[in-house]
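Take each chain as given, in its own frame, and dock them per the hints.
Protein sequence lines, in the order shown, are assigned to chains A and B. Sequential numbering from 23 applies to the first sequence in the numbering used here. Sequential numbering from 2 applies to the second sequence in the numbering used here.
Calculated directly from the structure, the hints in this document are not laboratory data. All C-beta atoms in this analysis are idealised placements derived from N, C-alpha and C, irrespective of residue type, glycine included. Hints may contain errors.
What the hints assert, rightly or not - Simulated DEER-style distance windows between Cβ atoms:
hint, chain 1, residue 1, chain 2, residue 2, range
1, A, Pro84, B, Gly166, 54 to 62 angstroms
2, B, Gly134, A, Asp25, 51 to 59 angstroms
3, A, Gln109, B, Trp186, 44 to 52 angstroms
4, A, Glu172, B, Gln64, 55 to 63 angstroms
5, A, Thr298, B, Gly232, 35 to 43 angstroms
6, B, Leu127, A, Ala315, 49 to 57 angstroms
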Amino acid sequence: MSDAVLRVNNLQTQFQTRAGVLRAVDGVSFEVARGRILGLVGESGSGKSVTGYSILGLIEAPGKVAGGEILLNGKDITRLKGDAMRQVRGAQIAMVFQDPMMTLNPVLKIGTQMIAAVRAHAKVSRKAARLKARDALAKVGIPSPEERLEAYPHQLSGGMRQRVAIATALLHSPAVIIADEPTTALDVSIQGQILAEVRRLADETGTAFVWVTHDLAVVSSLADDICVMYAGRVVESGPAADVIASPRHPYTAGLLASVPAEHEPGTKLPQVPGSTPSLANLPQGCAFAPRCAKAGPACTTTPPVQHFEDGRTALCHYPIEPVSCQPLSLTSTTYRSAS
Amino acid sequence: MIGFLIQRVLQALMVVIAMSIIVFLGVYAIGNPIDVMIDPASDQALREALIQRYGFDRPLVEQYFVFMNNMLHGDLGESFIYRLPVLSLILSRLPATLELALTAMLIATCLGIPLGLWAGYKPDSLSAKAIMGFSVLGFSVPSFWVGLLLIMVFAVELGWLPSGGRGPTTEVLGMNLSITSLEGWSHILLPALNLALFKLGLLIRLTRAGTVEVMSSDYVRFARAQGLSEGKVVGLHVLKNISIPIVTVFGLELGSTLAFAVVTETVFNWPGMGKLIIDSITVLDRPVMVAYLILVVFLFVMINLVVDLIYGQLDPRIRVKAAS
Numbered sequence: 023m024s025d026a027v028l029r030v031n032n033l034q035t036q037f038q039t040r041a042g043v044l045r046a047v048d049g050v051s052f053e054v055a056r057g058r059i060l061g062l063v064g065e066s067g068s069g070k071s072v073t074g075y076s077i078l079g080l081i082e083a084p085g086k087v088a089g090g091e092i093l094l095n096g097k098d099i100t101r102l103k104g105d106a107m108r109q110v111r112g113a114q115i116a117m118v119f120q121d122p123m124m125t126l127n128p129v130l131k132i133g134t135q136m137i138a139a140v141r142a143h144a145k146v147s148r149k150a151a152r153l154k155a156r157d158a159l160a161k162v163g164i165p166s167p168e169e170r171l172e173a174y175p176h177q178l179s180g181g182m183r184q185r186v187a188i189a190t191a192l193l194h195s196p197a198v199i200i201a202d203e204p205t206t207a208l209d210v211s212i213q214g215q216i217l218a219e220v221r222r223l224a225d226e227t228g229t230a231f232v233w234v235t236h237d238l239a240v241v242s243s244l245a246d247d248i249c250v251m252y253a254g255r256v257v258e259s260g261p262a263a264d265v266i267a268s269p270r271h272p273y274t275a276g277l278l279a280s281v282p283a284e285h286e287p288g289t290k291l292p293q294v295p296g297s298t299p300s301l302a303n304l305p306q307g308c309a310f311a312p313r314c315a316k317a318g319p320a321c322t323t324t325p326p327v328q329h330f331e332d333g334r335t336a337l338c339h340y341p342i343e344p345v346s347c348q349p350l351s352l353t354s355t356t357y358r359s360a361s
Numbered sequence: 002m003i004g005f006l007i008q009r010v011l012q013a014l015m016v017v018i019a020m021s022i023i024v025f026l027g028v029y030a031i032g033n034p035i036d037v038m039i040d041p042a043s044d045q046a047l048r049e050a051l052i053q054r055y056g057f058d059r060p061l062v063e064q065y066f067v068f069m070n071n072m073l074h075g076d077l078g079e080s081f082i083y084r085l086p087v088l089s090l091i092l093s094r095l096p097a098t099l100e101l102a103l104t105a106m107l108i109a110t111c112l113g114i115p116l117g118l119w120a121g122y123k124p125d126s127l128s129a130k131a132i133m134g135f136s137v138l139g140f141s142v143p144s145f146w147v148g149l150l151l152i153m154v155f156a157v158e159l160g161w162l163p164s165g166g167r168g169p170t171t172e173v174l175g176m177n178l179s180i181t182s183l184e185g186w187s188h189i190l191l192p193a194l195n196l197a198l199f200k201l202g203l204l205i206r207l208t209r210a211g212t213v214e215v216m217s218s219d220y221v222r223f224a225r226a227q228g229l230s231e232g233k234v235v236g237l238h239v240l241k242n243i244s245i246p247i248v249t250v251f252g253l254e255l256g257s258t259l260a261f262a263v264v265t266e267t268v269f270n271w272p273g274m275g276k277l278i279i280d281s282i283t284v285l286d287r288p289v290m291v292a293y294l295i296l297v298v299f300l301f302v303m304i305n306l307v308v309d310l311i312y313g314q315l316d317p318r319i320r321v322k323a324a325s
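If we strip away everything but chain B, and leave its shape as in the complex, we get (with noise of 0.2 angstroms):
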């Protein structure tokens, strides 16, 4: 199990590495970000100062390392824009990107497994052929015209819910979320739904595919003939059995949706670190873009390495496999 972890962590302090390089890379491909940072008047003396003082004039694997070097004592730059650390600024955005990205998770989850059982238990009804055709829908429709949908029917045809922000938040755990009141999740409640639309269509069909498969095994076969309740063969069998892929693609979904919840963010005007990315595209915001992507590998990496945990849990055979 340790030498498991210690392995995990090494894979992953290798992306981590790669990633920073092609980030990076990228990055600096994009152009001078002096141009766009100062006024297209100013003298030569000052963007000559300014180059200087950003390191901008050395070569490029000398910038590199002094921006690992940096990385590695927890400074990832200062912003251009917002003149902040770009660490806490990115941090103080995750809060609100977190709660709608959990809501939505937690929407789709909870709706999703069962559903998808229903729909996997009885392939045949017409309840179980309506949830598919649902779930077809909530994968191919684009996610922005949902949320332009969203608002025009709840915010400005009947008025129940407010069309976009936050709404007032409390400090919990250092952390400013705004699901601690009534109107908080007035707020995050259409966004939450947008963004769990498509995880849910994907939920259900990833769901509904292990049920039809597990339900046609011999051992479905052979608990029903033991005289197990169909409660019990689909709590106990089933639901264990096609855990796996619905856990990896939870893991994958939540990392996405934590990192690019960029549209919905957009449509609802919602403050989180989506919203942070693109204003720092448009700006060329150098700094807050590496350690964005950056921090995301982070993210991915870490959701991975928990996923394969849990693996461990639920099958007992991959256990044996990472042992030996």
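Just chain A, with the same shape it has in the complex (with noise of 0.2 angstroms):
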């Protein structure tokens, strides 16, 4: 795809740790177009939460994006320094957290922050700000915008705290967002509300989303493509109803089978066995192989990227054959737009 609006070309993010040297984010790749929302897909550690803020320039000392190129429109950002790159956020990738209990200041009301937010890249009126942020909130779904404004955080609900704040990063109309699992703190019905309102502003407005999240049924019913990530590097990608349907690596596979809602009541859940793997002591060759049921002996040694020809990879040396069975669904729910 050459109208990727973000591309990320083998992400290095390190932490310096009295332990050594940890790659939370070790040659991460991927691309997402226009209006096309990417499902950034992992367990707890896997570097997923960590790739977000690294294309944000958000990483904190000890971190540092140590290479790689991140291209926004086909600039590279990972070179941007401080006023540079403040005029990127915000503006140009907006990103939305996880909480939003925690993601807007308990003391500030709503229009104060927004105003904030506008006034930050854009040289407006006060007054001509909370016009633009009284838009926006409408624009999510918000009634009576006007009133919300003078409201403060603990005045609104959680799943209306995460569409002001969804709102606040659409502001700029950026190329992209980066929301880090941003409907997991939120009840099913919300969260269903809100990612029917991502679905349509990807559409409407042609922002790209990068959607991290832990949560295969939400990607399965939302994103576009999958990027599956484990111990900080993508194992597997494609279009996401298809690695739904059929996953390549056995990661995948063992993510997608121990989704409760496929199996029968009552029975034993297949579970992943093992867990995560520390950072600072990775096993040899693929990181995965401890845990893999098709290890073999191959896996001692790094797995190549593997491509096949509907335009799907997968870091593995025993790949899982195509299966040409119904494609499954996860949710009876779907806000993929029709293709």
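Written out as structure tokens, the structure reads:
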């Protein structure tokens, strides 16, 4: 795809610790096109959130982006510093965080916070900024936005606050919004509303989303493409529907098998055995090998990226053969646009 | 809001009444002030006359009610020593203490908050460590010693500033103030610095602790992700969130500085209320002690009331609780 608004090439984010250098993100590559939603999936500690923070240049010491490129409309932003990077943040790439209870400052009015966000990038009067904030709130489906500007965060529900956060991210019509598990803290019905809203916004505004999550059900219903991360690497990528229907990497297959919706009630739920390895102590070769049922002698060496015919990749010596059964769906709802 | 105010004023009233009983009893237990007041060689008849005049022969409860009744009429008694109404005696000393305390608080705040913000913003920098080291000194070195040191260096050795006293005063709004003239400032600088040092240390640590906590919060991260400049992040998000503990401590410290600047006022011979109460205790000038302590209670209650009102302005979540 050449029309990618955001292209991440071989990203390396490392943390200097007493135990040595931790490679939280180790050679991650992906791209996302205008109006598309990329699901970045993985367990806790797989490096998916760090990838998000790296893109925004929000990695704090002792961490740093040690290598690779982050191309925003073809321009590498990893080398931008200070004010140049600040001008990218919020204006061209915005971010929405996991917990809407924590991302809004409890002692400032919604309006104050949004006006500050508007004026960070646009030299406009407070009045104009306020109008822009109000319109953004209306755009994400918040009723009586004028009154909401006068409200404090604690006067809004969790779902409402997350809508405010998304509205704030949308203020400057950024090319990309990174969403770090934004619906994890919400209950399922609110989550559904937000996902539908995000899908609509992506289609209408052309904003690309990188949707970081551990929830395969969310990704299967929302994302166009999927990257599955494990121990700082992308182990599988491809169109969301294909990956869900027929995973090629044993880890993806394990994750999918452990989604409760797929199973007969009362039967034992399959799990991926073991737990995520510590980044300080990764096994030689394939990091997933110790937990993998298909692991063979070759797995002590670093697996190659296998490219398959339909634009899919897997980081594995022994990828699973594609199945040709009915595509399965994890939820009854889908927010994916008809393609 | 009105309900909240009434509730607080009633609470304040209860505190003042409780305090008046404690103070009255405590001072009564010290002993018979007549022995201190008159010449030991005077005869029994004179003693009896005086005891009757001050009502010391009445039962304790009756004395208390007479005292409270007088207080309600604005009469806190007459000093045994100065032969002046206690209230006007204390109020005449108030401006001196007020300007000293406020100058000290001003110095502590204007230096403490920026230094604390910096130390919290860059907690690993060398300058932050130097600031924190200074703050430890600030509140651990005894204040009388620092006072003497300041006098030694700036008054005796360098001769830049006077060693004590208040300098010329001019009347502003019925109060005699010395900060209106340059010479007045030269007199107030050393004692104010001395008084400010402890508060400065405290405010630095408080501001730093709050800043470190807020800087790592999700909403600061979110603000940065929106592209807010660092100045805006600190000025808008950090400052308002750390202000509640700062206002609390500011209020408490202002009260205690006004009431108990005793050591500094003694070292610098500053004619304020602290000096008055120490002198009164030495000679057992009972009405002054009682009236002073009750005024102090009143002062603390008022400052806390103002602090509570400011809380509501700073944190909307507190406002909601107060209203319900």
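**Prompt:** Is it true that Gln109/A and Trp186/B lie within 44 to 52 angstroms of each other by Cβ?
**Reply:** holds (46 angstroms)
Legend entry - CB-CB spacing for Ala315/A and Leu127/B relative to the 49 to 57 angstroms hint: holds (54 angstroms)
- Task: Hint says 35 to 43 angstroms; check whether the CB-CB distance for Thr298/A and Gly232/B agrees.
- Result: holds (39 angstroms)
> Are Gly134/B and Asp25/A spaced within 51 to 59 angstroms by their CB atoms?
Replying inline: holds (57 angstroms)
Item checked: Status of the given 54 to 62 angstroms range, CB of Gly166/B versus CB of Pro84/A -> For Pro84/A and Gly166/B the Cβ distance comes to about 56 angstroms; the hint holds.
Legend entry - 55 to 63 angstroms as the expected CB spacing between Gln64/B and Glu172/A, which holds or is violated: holds (57 angstroms)
Hint compliance for this structure: no hint is broken.
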